[in-house]
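Let chain A serve as the given structure and place chain B on it in line with the hints.
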Amino acid sequence: MSGDIAPVPDGQSAFGERYVVDFSAPLTEFTTFGGDAFKASDKERPGKEIYALIHHPTIPMRNDIYRSLKARPVSNVVNPVDRGLMTVDQGGRRQRLVTIFERPSGGALFGPDGRVNPRVNTNRLRQSVVLSALKAVAALHKRGFTHRSILPTNMYFVSNDSEEVCLGECYSAPPGYKQPFALETLEVALAHETARGNGDASCDFYQLGAALQSLYFGEQLWRGRDRDSMLMARINQGSFWALGGGRDIPGALGTLVRGLMADELEERWSAEDVLDWFEGVGKPKRTSMRAWSMNRPTNFKGVAYVDRRLLADAFARDPREAANFLKSLDFPAWVQLSFRDEILTERLEQVLKVSTDSGLGGTRPDDYKMVTRVCMFMHPTGPIHYKGYSLILDGLPSMVTDAFARDDRDLLGIILEILDERFLNALGEICSERNPKFLGQVREVRPFIPLAGSKQLGRGMERVLYGLNPILPCISQRFSNVWIGSIKQMMRALDRLSATGGAKNILLDRHVAAFCAAHGTDLEREFNKLAAAQNDPARFNSLSAEFFGMLQRRFKLESLPHLTEKLVEGLTPAVKGLRNKKRRERVQQLLEKVKKGGDISKLTSEVNMVRIQAEDAREFAQARSAIMKLEKEKTRFSRKVLPTDTDARNRGLRGSRWVAFAAMALIGFMTFFPGG
Amino acid sequence: MAKKPMKMRRRRPQQEMNGFLPLLFIALVALALFSWQVSVLFLVGLAPSLVLGVTGKGVHKTEKLQCVGFSNIAGIIPFAMQVWSRPRDFSMIVSDPINLVAMFGSAAIGYALIYVGPMVAAQILQVMAQDKLKTIAQQRQALLELWGPEVLGDPGSEGDEPAWAQGKRGGRT
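Heads up: the sequence lines are chains A and B, in that order. Per my numbering, residue 11 is the first one in the first sequence, and the count goes up by one each step. Per my numbering, residue 224 is the first one in the second sequence, and the count goes up by one each step.
So that you can see chain B by itself, here it is in the shape it has in the complex:
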């Protein structure tokens, strides 16, 4: 009986465990025990982060969510302080569109950071690569001076006496 060809079991890529959202949820519930208004404010203000947490995918999901989440929280904190000290202003703060723009705008800044971060990193890495290239060239030159062009593995220069020792100019430097 011919065996069925064994199918390679495709392993699901382990989902990056995103602890951010559960942690946030637990924090909001805990907060609600002291002030449900502040908790609701966070729930409303963190809407962009929650959307990203639910819809986001890809290898860098965690970094993106954390980036947007931290920015978003930074935008909510001042309003949360107001609600904490004067809970009666809760409805006024939540219904003010300017406040909402400020809270959601901070999330947008987080998105902007996601876009700009790799570009800045690429620029920095480029500068570092230039420095590294200089070092490599120096090391290579030192090895060439010590061992001659044979060390490059050029078959034409192999012989009893290296070409550079015979006063010839090496084919490769």
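With the rest of the complex left out, here is chain A:
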């Protein structure tokens, strides 16, 4: 199998030569879900405090944040310095993307060992931590980004003697990726931990509030809390009280944290509110429990629900039971009685399409979608709940990536079912009034809907994966040791793979095909042709050579001798399949010549196998018909010709007539001109 995995390139890249990563010194406080952090040093600037993050290939990064922070660093945030591919030796040699970050040397506010930094106290929290975090968050928001990773464990003192605090990096993993349930706002916390979406500025302020609360109490408040009971407590008592376990924070800091952790968006504090608070001029906002409650409780599975978000969540946890429950209801009457502030229009009723029990028993496939629609109706600002999974639609890229990383085919099937235009439009219609962002999120995924269900090469869920995550490297098993972030890198890796005897039928690898389709433009036609030739190895190899030649030409790649050799070898059956002996010899000679050059584009321009095969087949058919014609003629001419044969008789009689005529003319001439 090792022959099927692309080998790591020899030597180290220029980036790898410059930065030295000390793998014996892991930095757990900087390790994220996106990568492992290690102590590092820069050969060009030896004194600079930096650390290296070795990225995991199955976690997509936030590339736009990297570009922005690299170009214009933000104060009070751990900024990236540089990034590049490096050959690392971590359980075997591997090529990985490594990002170098500035390293705050003052230590994390909340250490990985679960202890609060001894320098943290209420005064520092109120004065320096809040201001530093506010500066960082405001700068990011100004650039259109959210941080979504403001955890006490991801906040650091800039140095041992500095009061300044900086937020840890937020680019190595998608926003809100696998963040603790308690540290996310209720809108996004209900979604699956890998699909919480981009969120907005208020999510960051909530996280800041929750982080301050944890730091104040000196406890990891998010740890050891059951999700369902935590949700129940957050909804019934408010997140601040639920997370603090009923403990208040006295004074101004308490006002701030309560404001930041308000569950209602309209009540949650923004940057201006925090500034006002800091300057002592703002009026403290009161937090209230805004009514998500129904007019009368609904009993579902023996529990009486009053909050519609809780009921939606309960439906989402058990969609089969929820479907049966909804089918047994007189839905319009139930809505009228339970949601008096909602007007169930005829149109909305049609969109919700809650069917009554047909009495046939069992759950129909559309019942799950019915439950989703009703959940969206009950909690329009919440996630899409479908078949036990919940997702914010703009968190779909990271969810698809996670499903592929875990090879979770069930989840991929569920995502495929969600990617149904009519279904998403119906959800949009249900929630658009209270969640206007939803339709924009649907617009983002719409181009991938027709591709998702396709079995063709270059399409399917793999294409959705690379289309939604352009920064994700190709996660094909063949490239498990190398980092393939572009078609150029892929072609070079394929060249190395060919040298070790792999790369056979590489384009049949759905990941490779989808990656090429997502990163190249106008490759649809090529993939359609390749898909059509899947069962014809000779034609498939010819088309593969043509495809790689086109890529080499388009991306102006250098000579790829091993890949060319492999492709030429792949063409051997096609050459052997040529029936014309002279053509076969000529093509073989051309291939041998091109093989030495390593230019795939030349291979296809000089030896256009597809055209040659078509020409050969056409001429062979012509030769076959010529042979058949010759056989027929041979049979005809081999027969003995008899005077009674029509042809012989016709020609004979015509000849006789001319002889008689000639005799008559001769005798007449001699008679009339005897002397002449």
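Since the hints were derived computationally from the structure, they do not count as laboratory data. Be careful, since some hints might not be right.
[What the hints assert, rightly or not] Here are the simulated DSS-like pairs of lysine-lysine, each with C-alpha atoms no more than 25 Å apart in a straight line:
{"id": "1", "chain 1": "A", "residue 1": "Lys642", "chain 2": "B", "residue 2": "Lys280"}
{"id": "2", "chain 1": "A", "residue 1": "Lys58", "chain 2": "B", "residue 2": "Lys355"}
{"id": "3", "chain 1": "A", "residue 1": "Lys514", "chain 2": "A", "residue 2": "Lys566"}
{"id": "4", "chain 1": "A", "residue 1": "Lys639", "chain 2": "B", "residue 2": "Lys284"}
{"id": "5", "chain 1": "B", "residue 1": "Lys357", "chain 2": "A", "residue 2": "Lys642"}
{"id": "6", "chain 1": "A", "residue 1": "Lys644", "chain 2": "B", "residue 2": "Lys355"}
The structure presented is a predicted model; accordingly, all values stated were derived computationally and were not measured.
Relative to chain A, chain B alone:
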């Protein structure tokens, strides 16, 4: 009402328009205006052709009639010249059996040509067929050398590599 089965109207084979006899008749009438003796001589001498014209049938009727007619006319022409120059000898020439044998004999030669013509044509065609066969064999061989035995459509020799390319001897050549 059941329709009567439509009978295929049998088309009479178009009779080969034999222009020879009417043309001959017109020529004889025209000739009679200048010399009725010559015209009568032709009428008597062409008796075998006239009989064939009236009784002859089949696809090659025209060729046969023309063949016999031309031969017959060739036999009459010398006597017609005599009658034209000396019309008084008409009765003597017509009543001489030798002359009649000569005129009718020429018609017999026409009949002989009808019999011999196809035989000679068959011989010539046979020789031509032999030449054609040689050419066909050469063309076939050239195609075989270029495309291998697969071009013959022999299913046993079809495969990734043609049998002849593998050094095997083809089943058919």
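How the hints compare with the structure:
1. Annotation: proposed proximity of Lys642 (chain A) to Lys280 (chain B) is violated, straight-line Cα distance about 34 Å (limit 25 Å).
2. The hinted pair formed by Lys58 (chain A) and Lys355 (chain B) fails the criterion: a straight-line CA distance of about 95 Å is larger than 25 Å.
3. Using a Cα cut-off of 25 Å, the hinted pair Lys514 (chain A) and Lys566 (chain A) holds, with the two alpha carbons roughly 23 Å apart.
4. For a cut-off of 25 Å, the pair hint linking Lys639 (chain A) to Lys284 (chain B) is broken: about 35 Å separates their Cα positions.
5. Simply put, Lys357 (chain B) and Lys642 (chain A) have alpha-carbon atoms about 14 Å apart, close enough for the 25 Å limit, and the pair holds.
6. A threshold of 25 Å between alpha carbons decides the hint, and for Lys644 (chain A) with Lys355 (chain B) the separation of about 8 Å falls inside it, so the pair holds.
Violated hints for the displayed structure, listed by number in ascending order: 1, 2, 4.
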